[in-house]
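Q: These are the residues of each chain, in order.
There are 2 protein chains.
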Amino acid sequence: MDIEDWRKKIDELDTQLVKLINDRAICAVEIGKLKQNSAMPVYEPDRERIIFDNIARLNHGPLSQIQLRQVYERLIDVMRQVQSVDTESDRNSS
Amino acid sequence: MDIEDWRKKIDELDTQLVKLINDRAICAVEIGKLKQNSAMPVYEPDRERIIFDNIARLNHGPLSQIQLRQVYERLIDVMRQVQSVDTESDRNSS
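So the protein lines, in turn, are chains S and W. 101 is the number that this note's numbering gives the last residue of the first sequence; the numbers go up by one with no jumps. 101 is the number that this note's numbering gives the last residue of the second sequence; the numbers go up by one with no jumps.
The set of hints was computed from the structure by calculation and includes no laboratory data. This one's a predicted model, so the numbers in the text were calculated from it and none came from an experiment. The hints are all genuine.
Output of the computed footprint for chain W on chain S, the stretches with three or more beta carbons under 8 angstroms from beta carbons of chain W:
| no. | stretch |
| --- | --- |
| 1 | 26-39 |
| 2 | 50-61 |
| 3 | 67-75 |
| 4 | 81-87 |
For every residue, glycine included, the Cβ atom is placed at its ideal position computed from N, Cα and C.
Could you build the full structure based on these sequences and the hints that come with them?
A: What follows is the structure, given as structure tokens:
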């Protein structure tokens with residue numbers, strides 16, 4: 008395979024990744040609404056610890072645990088943003 | 008669906024995401040080897056611009072373009088690390 012073949016494969020993976028990341032964001036939004044109803048905090052360190060343990064267990068490389076965690080730290084940071092903004096806009100519209 | 012149901016869904020999505028992110032890393036490693044053989048640089052701003060255009064086109068939310076881009080900036084940063092380290096270890100072993 009040449010560079011262009013590998014790049015085509017990356018573009019295919021990105022199609023799936025963008026979908027899955029947004030699917031994950033839908034879940035975060037829904038959890039945000041449920042948290043709001045029960046006055047739970049957006050930031051839950053125990054749950055985040057479980058996520059990091061899960062992905063470490065699922066990781067068979069080539070990414071190192073640190074590299075995968077770097078990606079996930081950003082991902083979870085953005086998910087927390089989505090959850091907060093959604094919760095706030097709900098509050099403003101109510 | 009309650010919070011636990013949404014979290015189960017997130018855990019399922021993470022199983023797929025960890026696999027796809029690593030599949031993407033495999034591609035980056037392979038491209039790194041091909042680049043090394045043809046003395047191409049690891050950092051290619053034109054290719055990265057194409058990736059950002061692609062994901063913006065694929066994005067139908069709920070993530071905003073800025074939020075998706077934040078995730079991808081970290082992802083690509085880590086992919087560049089994988090490519091550089093691999094290229095370096097090849098060089099050291101030759």
